[in-house]
Amino acid sequence: AQSVTQLDSQVPVFEEAPVELRCNYSSSVSVYLFWYVQYPNQGLQLLLKYLSGSTLVKGINGFEAEFNKSQTSFHLRKPSVHISDTAEYFCAVSFTGGGNKLTFGTGTQLKVEL
Amino acid sequence: GAVVSQHPSWVICKSGTSVKIECRSLDFQATTMFWYRQFPKQSLMLMATSNEGSKATYEQGVEKDKFLINHASLTLSTLTVTSAHPEDSSFYICSVYEESSYNEQFFGPGTRLTVL
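As given, the protein sequences belong to chains D and R, one line each in that order. Residue numbers are given in this note's numbering: position 73 of the first sequence equals residue 173, and the series is strictly consecutive. Residue numbers are given in this note's numbering: position 103 of the second sequence equals residue 148, and the series is strictly consecutive.
Just so you know, the hints here were simulated from the structure itself, not pulled from any lab data. Careful, some of the hints might be misleading.
Said to hold, decoys possible - Simulated pairs of lysine-lysine, DSS-like, Cα-Cα distance not exceeding 30 Å:
1. D:K169 to D:K201
2. D:K201 to D:K211
3. D:K158 to D:K211
4. R:K59 to R:K109
5. R:K109 to D:K201
6. D:K201 to R:K100
7. R:K86 to D:K149
8. D:K201 to D:K149
9. R:K86 to R:K109
10. D:K201 to R:K86
11. R:K109 to R:K65
12. R:K65 to R:K111
13. D:K169 to D:K149
14. R:K59 to R:K111
15. D:K158 to D:K169
16. D:K201 to R:K65
17. D:K158 to R:K86
18. D:K169 to D:K211
19. R:K86 to R:K65
20. R:K100 to R:K111
21. R:K86 to D:K211
22. D:K158 to D:K201
23. D:K201 to R:K111
24. D:K211 to D:K149
Chain R extracted, bound-state conformation (with noise of 0.2 Å):
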């Protein structure tokens, strides 16, 4: 399966800062990717679907202009939250989607970002 990296692995900033998570996939080409955000003790909410080349599609809730995304090859996608306040404060992870595995999605480690 694919292998997903996400950096940084951790961060803390100030709010009104705005943070850039990158997401690699390593060893696939991946037109499609997957951000979720995850509160402690809590499930993974589906934040966006990323396509490489085109605008990512936003769920439901999810504001657009604050959580950037950028898919602009098909090894990186990356997440900005703009303008941060401490409510951002979460767990946010990505996959990466492989249709001939199957479905599958193989998940970065996740970026823990603090907003002090």
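With the rest of the complex left out, here is chain D (with noise of 0.2 Å):
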């Protein structure tokens, strides 16, 4: 079956400090990989994805993952974190043959202080 795993359901970090969030899969088919940022009674927005090529991927807010297929993982991660950057942060698959849905892990609450 597949799955996504989000290990960390805080993770709290002083502000210039780097972060990273994990995220693990399961599945045997083939994925697509995404990480989105929701703001307190908000949509989602996506911050990058993965779909091939380079496993380094680069997105907006300076955030950036790596797609670790021996691994299945799909790590966030940030060098410097601002107040700004405090949100929800979810991890999401998608399978092939899944017919195009995602599968969010649980979240990562990301709050930056002082």
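Fit the two chains together into the complex; they arrive one by one in their own frames, and the hints show the way.
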């Protein structure tokens, strides 16, 4: 069965420090991978996506993620966070043959502190 | 990417009434839209896939008679919560699937439903 796991429900970090949000998936078929950000009472905004090609993907707001097929991971990173990065982050996976549906992880609350 | 709107942004209703939520694709003709619900501090759960001109495809465990989906045009899908109860209170989010954007979904801003 296909699944997505975000092990960290909350990640506190000081401003200007680096951060990594972890995402692992389980699948027997090819996948497309996405990271979305959600601010309170708002919809989701795409940060970045991996479809094919280079395993290091750069997105908006200084975020990047690396696809690791052997470890079935797609961790999100930012070298220096800002207060405005405080939000909920969702990893999502689209599985080949899944009808373009997205399966979301449980989310990681990133809280940036001064 | 596609711009998606939802109306209303929030709604409060009495138990037993029906509520309609609209999802509009403002700049793109969408044959496929998705409806999700999100409980507080939880992830998005796919409810159904809305297909223009045909019946919606519901996920396992979602009552199709309670959550009526109508995708009558390429720019509008509606979700009607019939005979709403307090347990239906949730954040409902729609998305538009745009094949030309390589499998990306574009999300609406969401609708907060509170059933008293």
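Hints versus structure:
Our distance criterion of 30 Å between C-alpha atoms is met by D:K169 and D:K201, whose separation comes to about 20 Å. With a CA separation close to 29 Å, the supplied pair D:K201 and D:K211 stays within the 30 Å bound. For the hint pairing D:K158 with D:K211, the CA-to-CA distance comes to about 22 Å; that is within 30 Å, so the pair holds. Only pairs whose Cα atoms come within 30 Å are accepted, and R:K59 paired with R:K109 is accepted, the gap being roughly 21 Å.
Proximity of R:K109 to D:K201 is assessed by CA-CA distance (about 18 Å); at most 30 Å being required, the pair is judged to hold. Between the alpha carbons of D:K201 and R:K100 the distance comes to roughly 17 Å, so the proposed pair stays at or under 30 Å and holds. Pair hint R:K86 plus D:K149 holds up; C-alpha atoms about 23 Å apart against a cutoff of 30 Å. In summary, the hint linking D:K201 to D:K149 is supported, as the alpha carbons are separated by about 15 Å, within the 30 Å threshold.
Between R:K86 and R:K109 the CA atoms are separated by roughly 25 Å; this keeps the pair inside 30 Å, and the hint holds. Restraint check: the Cα-Cα separation between D:K201 and R:K86 comes to about 22 Å, which is no more than 30 Å; the hinted pair holds. Straight-line distance between C-alpha atoms of R:K109 and R:K65 comes to about 14 Å, which keeps the hinted pair within the 30 Å bound. Among the hinted pairs, R:K65 with R:K111 is consistent with the structure: their alpha-carbon atoms are about 12 Å apart, no more than 30 Å.
Note on D:K169 and D:K149: the hinted pairing holds, with a Cα-Cα distance of about 15 Å set against a maximum of 30 Å. A hinted pair counts as satisfied when its Cα atoms are at most 30 Å apart, and R:K59 with R:K111 qualifies at roughly 16 Å. For a cut-off of 30 Å, the pair hint linking D:K158 to D:K169 stands: about 17 Å separates their Cα positions. Proximity of D:K201 to R:K65 is assessed by CA-CA distance (about 23 Å); at most 30 Å being required, the pair is judged to hold.
At most 30 Å may separate the alpha-carbon atoms for a hinted pair to count; D:K158 and R:K86 meet this at roughly 27 Å. About 29 Å separates the Cα atoms of D:K169 and D:K211, which keeps this hinted pair within 30 Å; it holds. Taking the CA atoms of R:K86 and R:K65, the gap is near 24 Å; set against the 30 Å cutoff, the hint holds. Among the hinted pairs, R:K100 with R:K111 is consistent with the structure: their alpha-carbon atoms are about 14 Å apart, no more than 30 Å.
Of the pairs offered as hints, the one joining R:K86 and D:K211 holds, with about 14 Å between alpha carbons and a cut-off of 30 Å not exceeded. Proposed proximity of D:K158 and D:K201 is supported: the alpha carbons are some 23 Å apart, at most 30 Å. Taking the CA atoms of D:K201 and R:K111, the gap is near 22 Å; set against the 30 Å cutoff, the hint holds. The suggested pairing of D:K211 with D:K149 holds, with an alpha-carbon distance near 23 Å, which does not exceed 30 Å.
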